[in-house]
Structure formats: C-alpha cells, structure tokens
Amino acid sequence: MRRSRWAALPAAARIILLSVGAIIMIIPFLYMVSTSFKTATYVFTTPPEFIPDPATTANYEQAFSTGDFGRYFLNSLIVATISTAISLLVSSMMAYAFARFTFRGKEAIFRVLLLGLMIPAIMLIIPQFILAKNLHLLDSLGGLILFYVAGSLSLNTFLLRGFFESIPAELDQAMQVDGAGAWRRYWRLALPLAKPGLATATIFTFLACWDEFTLALTLTNSPENQTLPIAIRLFAGSGNNAVQWGLVFAASVIAVVPVIIVFLVFQRYFVQGLTSGAIKG
Amino acid sequence: MTITTLGESLGTDAAGQVPVASVPPARQRRRSATRAGIVPYLFIAPGLALFALTVLYPTFQAFQLSFFDWKLVASASKFIGLDNYVRAFQDDHFWLSLSNSGIYMVLTVVPQIVIGLAIALLLARKSPTQPLFRVLFYLPVVTSWVVVSLLFRFLFSDDGLINFTLGDFLHLTDGSTPWLADRWTALLAICALGVWKGIGWSMMIFLAALQGVPTALLEAAEMDGANRWQRFRAVTVPAIWPALLFVTVMLVIGGFNVFVSVYLMTGGGPAGRTDVLLTYMYSQAFENLDFGYGSAIAVLLTIIVFVLSVVQLRVFRDRNGEGAL
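These protein sequence lines are chains A and B, in that order. Heads up, the first sequence is in this note's numbering, so the first residue is 1041 and it goes up one at a time. Heads up, the second sequence is in this note's numbering, so the first residue is 18 and it goes up one at a time.
Hint data in this document are derived by calculation from the structure and do not stem from the laboratory. Quantities reported herein were computed from a predicted structural model and do not represent experimental measurements. Among the clues, some could well be false.
List of simulated lysine-lysine pairs, DSSO-like, C-alpha gap at most 30 Å [what the hints assert, rightly or not]:
id: 1; chain 1: B; residue 1: Lys88; chain 2: A; residue 2: Lys1173
id: 2; chain 1: B; residue 1: Lys143; chain 2: A; residue 2: Lys1173
id: 3; chain 1: B; residue 1: Lys143; chain 2: A; residue 2: Lys1235
id: 4; chain 1: A; residue 1: Lys1235; chain 2: A; residue 2: Lys1146
Just a sample of chain A residues kept apart from chain B, beta carbon distances all over 10 Å, derived [as the list claims (entries may be wrong)]:
id: 5; residue: Gly1182
id: 6; residue: Leu1229
id: 7; residue: Leu1238
id: 8; residue: Asp1251
Just so you have them, the derived chain B footprint on chain A, three or more residues with Cβ under 8 Å [as the list claims (entries may be wrong)]:
id: 9; stretch: 1054-1062
id: 10; stretch: 1070-1081
id: 11; stretch: 1089-1099
id: 12; stretch: 1145-1154
id: 13; stretch: 1260-1267
id: 14; stretch: 1299-1307
Where a beta carbon is used, it is the ideal one built from N, C-alpha and C, also for glycine.
Okay, chain B solo, but in the shape it has when bound:
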C-alpha cells in the first residue's frame, strides 16, 4: 500500500485501507460489474436512508445549532450568528480545556508510537512466545473504557497501588500523592491510562507493517557494515512509513477525542481544571442545556482535528520516509 492510498482513506477515497503490505488492495480485484438498473439502489436504500437520518442530518445540524441560542422549546431558539464562537474565544475555560486536550494528545501520542513500535520490533521475529505476548499487550485495547477508567481511578486513589509502588516499594515519593486532586498529576494519571490502553493497538499495526520490511535489503545493509540503528533508519522506517503515518494521524484524532476516561476519572475536576474540550462540551450541553455553545465547541474541535490531519498528511507525504528521523 502506498502513502497516497492512506491519505485518500483519511480524506476522500473509496478504497483506502490500513497500509499493511499483507493486505491486497481491494481495487485491483474490482471486476467489470453488472449493470442492473434499479436493483443496486434497492440494495443500498435501507442503509443509506438510515445513514442520512442518523449521521448526515445530525452532522449538518451540529453546524446549524452552533449559530443558535438553542432552547429545548424550538420557538424560543434564536439565531445569533457567530456569537457562540466569539464566546468560545473569550472563554478562559475553553482555552484551558483546549490546552488540556492538547497536552493529553502530545503526552499519549508520542509514547504510544515509540513504545508500540519498540514492542513490535521485539516481537517481530516469530517465536513460541510471540502469540502470548501479543495477547497480553493487546488485552487493554479490547477492555471497555468504562472499566479501565474506573480501574485507573482506583489505582491512582490516595491509598492506591500507584502510591504504594512509588512510595513504600520504590521510595521515589512519600507515597501520599493525591493524584486526582491536582490538575497536573491528574492529567498525568489520565495520560497513563491512555498510553496503557493504546500501546497494544499501535503495536498490532506496526507488527503487521513489519512483515513487509524487505529482509534482503536488511541483509544487504548489514553486509555493507550498517549498524542496527542505520539499518532501522534506512530500511525499516521507509518500509513502515505508511503505517507510521496512519498510526500518528489516528492517534492525534483519538487524542483530541478523549472523553470517557476524563469523565470517569476526574469528571473534569478538581473545579474543572482537568476538563478537556469534550467534557467541557458535554457539561455545557447536558448540564447547562446550552446546546448552541456545546455545538460550537464540537465544531471547533472538528476543525482543529481536520486541520491537524491535513497538516500531518502534507508534512509526512513530502518526506515520505526518506532521510526522516
């Protein structure tokens, strides 16, 4: 798979796939299909109608709502133009939430890529223990966010396992850090959860991508006297570049969409200091019933994520793995 296909899958193209060498591109197998008048429309009608009602219309409405001072009684709602957006830009809590989302994104994306790739490299060679390790690292990925969020709230509680490990066991702290009671330590705990839960996912993608690294090239490089790091840079990285791009883009999107873990670990507290954009959006919408303002925040988030994705695709595409790192 090429980088172009990936870019298209994230942008507009139909047949985009995870850029893994072992998967044959679907498009090559497309045959001359049958012309059949109305029949294909009958096949897509139920799904498309459902999709239009429950996804397309709400997407449109999310933008529309953001221009209104929206009330549950429709007649009381009033068009206020860009006021909700102006309000967001002047709202200190919006900026705090945005910076928390950004901090979460940076502190989770980098470790997930680095550690995920490291584990994938360690696991790349087939061995009897490989399947076992793969399962163990992937287990957090399949576990529900609700369960692991509550679990980490428990681990990071005042008398929890983390404090015991750092204090009584490793003697790194005094063992009584009130993790969830302060903005920075709470964010750290939330990020720890994000990394722990996500490593298995990036590992799986990298593991699949590493199957496509040309062994002959690695051997040739070795014979030319390239050391391990040089071989990694010159052979492995370019070969897994599309996967690297895919993982980065998905993780950045995912990072900005963090919600459940924050909602359940701190509820945005103490005093809203750990609010991320989506917990702030949620409380504006469903606690203050300010649907217009909530929608404006959601739209701003979407724009940020979209712009970041486009920028990443541009930057990565230009370099295309050659001489990177």
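Bound-form chain A, shown alone:
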C-alpha cells in the first residue's frame, strides 16, 4: 500500500489550488498577447479586455516595417547561432580533455574555469567594455559573439564533462587500440554519444544569447549591430506615457514565441540541464 504524503488532501482541492496559481502565472502573458493586437486607443480600457475588440495586426506590421526590426531579428539570430556553435566546439574540446586524459594541472585548470560560474556576469561589464574598446570590437557583432562565448564556456564545459565521463571508457580504449587518434575519438565517438548533453548545452547557450541584454546595451549603439532585446527596449522608450504598448508587445511576442516553442519541444533537455548543472537563475 503506497500512500503519498498528500494523498489525504482531496485531489480536487489540489487541482484548484494549482489552477489558481497557474492562472496568475499565465495572465500577464495572455494580456501581453492581447495588447499586441490592440490599437493605441484600446490599450487602456476599463474594464481591461482580454479579447481585443476591434483586433488588429497593425502593431505587427508596424514592428516589421519600423526602421531596422528585421535587421535586429537577423542580428540576434546570427549572434546566437555563431556564439552557440563556437562555444559548443571549444567547450566540448575542453570537456573531452578533462573527461578522458590525465595531465598535469588538470583539476587546477578546471577549478579556474569554474570561477566563470561564480563571477556574476555583470561584475565584469566595465573591464569587458574596456577590453572590447581596446580590441576595436565595440559596436560590432563580433564583440558580442566573443563575450557571449566567454560567458557560456564554464557552464558548457562543466555540463559536457559530466556527459563525456558517463560514456564507458572501454569504447575509447577500443578505438585507440584500432589506432584512432585523440581527435578522431573525440569527433567520431565522444560527440555522437554525448548528443543529449550537446542538445542541452545548445539550448541553454542559444537562449541565453538570444535574450542577453546588458552586454548588448553596453557594447553596441548603432542599429545595424543591435539585437532584439535592444529593439524591444527602444520601442518602449524611457518615458511612461507616450509608450506604444501594442507595438512593444508585438515585438515582444515575436521575440518570445520562438523561445517558448523551443522550450515546449525540448522540455526534457531543460530539466536535464537544470538538474545536472548549476544553471544561474
């Protein structure tokens, strides 16, 4: 007889409690989507409307036709894709070395790398700005890519080391006996077998780059080099009254929908990443 601790709490009460909580979590999203389909006049109505009437797609049309929105979107895609690819390659190489070789200074170097998990990214914003300036990487996509890769190295190496270590070393040794070099064993054996790990690392890195705001705000200033989060913020301006909320949320929906789709499709990798590595909330 297996009775869970909450068995006594009637199932219906539990569902009701959870539903109320879930509704509170979801209302802001619903209201955001609804507002994105409203014209400026209908944004603040009493009572608030969750089903826009009249509904309009004007905000979406305006978002796409306003200045450089397409450019921002493309920039985000480019920066996130290239950063993720470089980060995955470089950190999986490191992770492989840590998982499969003994060498002098191994654990010391690994510990130094883990510092990257402990130093809050924003603490480095000032010196990284200076570094970007000295490297002539201010206001360029290359500068963003460099620091996005840097920011994800520690976590990915940490995560992938664990995955590589869970691959039986005998496979590696068998390949070695057959005369395969280290690179071949890494590329042909370790990487294919660590696919779930690579998927987790890819998703977390890509989304972190896609959503990154502070570095993009600090390092870039011309529209041709800025990314989606900056665009959304520009739409919102800095004052409070003249904000075109419909437009802001149309842009937000465009930025958020791909993320939510990725999350829904690859849920299990999220849970895996969350529970096997220290993801910084």
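Please build the complex by placing chain B on the supplied structure of chain A, with the hints as guidance.
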C-alpha cells in the same frame, strides 16, 4: 548527493552538481584516463586562452580599476588607493542602493522558496495534469528579462491591470496607486516580478529533489502516527536539505545581482530612489564614465555576495537538516 558536494560546487570543487538524487555523481564514473603528453593541452588551449582573455583578465582588472581614478585616456588615469572605497562608504546613495538590493533579496528569496516548494509538493505526485502545470509555472523562467520587465511596467502603470484588479475588481485600493512613482511601491512591483519569474525555477529543483524522498520512511512515520507537518519536518526536509541549500544560496546571489528588471521598470527612479547596487554601478560607469568608482561598487557587491554565501553554507552545514525549522 551530499551537502559537501554542493558546498564544493559553490566553492572550489570540480565535480559539484545540483544536489538532486536522480543524477549520478560524475566522479564515480571517472575511469583511469589515458596519458597522452601534449594532446590534452591542445584540446583545452583554445577555450582556455579565450577564457583567460575575456573572463580571467577582466576579473583581475575589475579589482585593479577600483584603485584608480580611471579615465578613458589611459595616461590621465591615476592611482588613488582606497579612495573609491572610502567614497562609497561616505556616499548616501551607495547605502540607499545597497539597502534596496537587500530589500529585494529578502522579499524575493523567501517567497520563491516557500511558494516554489509548496507548488513542488502539490505537484510531486504523478498525475495526468502534472506536466501541464509544470510547463505553465516554468514559462516565466524561460521568457527574457527584457520582455517581462516591460510587461510588468505595463501591468503596474497607472491605468494598468494591477490597479484595475485591486481597485475596481477586488476593492482593496482606490485603484489609482502610482506604483512606479514611489520608492516602496516601486520596489514592491519589482519584487513581484522577481517572484513571479523565479518561482518556476525553484519549483523545478524542488520537484527533482522530492523524487529522492524515501517513501518507506514517510509510510513508517505515518504508521507511527506522525501528522503531515511532522512527516514533512522529519522526513521530507532532511531529504531535500541539499536542494534547499542550493536554491537559497543561488537565490541570494541572484537577488543581489538584480539589474535588468530595475533598469527597465523604473530606471532607478523616481530620482534614484529605487536604485539597486548594480543600477547605481552602471550609471556611475556608463553615464558618469567613472569606471573606477563603478568598479569599486562591483567589487564591494562581489565581496558581500561571497561572504553571504560562505555564511549560509556554514550555517546550513552545521544543522544539516536535522531538527531544522
């Protein structure tokens, strides 16, 4: 996973992992590795070089900058010792920002733990609706800070949904609270965002940890006549203690690192009254171009966070879940 592993993952150890029972510790699987001369160094060289240039060197430089009156033209910069730190201690706005960061930390960490754990307990039993609820609660976590910050600025605006709900709908207020125009109400709004966005994360960690609670012990306790609260205290809490510690430490760190939400919801206003340490640091550095002072604030924040983490690890480790609460 043990509490020691967690402590090490936050401190110095290599193989630290989120303390979740279902994940096998990586170290147990470590086999005798191959000796291969220069090869491993070739594998780590690109990543390590990149890391040294973009993370290690800036870390060192952050400390260095804080001892300078730093100018964009290097030759005009001058070493001023601890002056930036002395200035911080005498700067009322530094203390205001620090207290705002502290308030944010307290007002977001506690609800995230309590509510996150409550939801995890409600969801712990497998049921057809469990995956759906899990997704719904986790959705804010995956949404970008920029979007949700602007969204909450909108919800808390004068004619926004919050005022309507509290005023016209629940009749708790007169429905015209200018939330973002006053320090305390604005901080409350910012904290509401922090809690709303973070609950799903702590819930996920607790949910994973609850898988490791020994059912047999719960049943035994029940048969001995322990009520639900007693079982929770005596069985569940000790079993999820490492996760509890992990979540607390991470949330405290995260709380002090709050930046984007404040920057986008109030910009530190009105008149800097809602500045937290990092928005203050940011405006000192990138509006006043006072990189030295900005760095000193960043270093002080790092020290505070580090000390708090060590203290928590000590306190939690000593109690180790037994007789806690």
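Here is how each hint holds up against the structure:
1. B:Lys88 with A:Lys1173: Holds: lysine 88 of chain B and lysine 1173 of chain A sit about 13 Å apart, inside 30 Å.
2. B:Lys143 with A:Lys1173: Violated: lysine 143 of chain B and lysine 1173 of chain A sit about 53 Å apart, past 30 Å.
3. B:Lys143 with A:Lys1235: It holds: about 28 Å lies between the C-alpha atoms, which stays within 30 Å.
4. A:Lys1235 with A:Lys1146: Roughly 24 Å between the alpha carbons, so the hint for lysine 1235 of chain A and lysine 1146 of chain A holds.
5. Gly1182: At roughly 13 Å from the nearest Cβ of chain B, glycine 1182 of chain A sits farther out than 10 Å, so the non-interface label holds.
6. Leu1229: holds, 13 Å
7. Leu1238: The assertion about leucine 1238 of chain A holds, with a minimum of 15 Å to chain B.
8. Asp1251: violated, 4 Å
9. 1054-1062: holds (count 6)
10. 1070-1081: holds (count 3)
11. 1089-1099: violated (count 0)
12. 1145-1154: holds (count 8)
13. 1260-1267: violated (count 0)
14. 1299-1307: Holds: 5 residues of the stretch 1299-1307 of chain A have a Cβ under 8 Å from chain B.
The structure fails hints 2, 8, 11, 13 (numbered hints given earlier, in ascending order).
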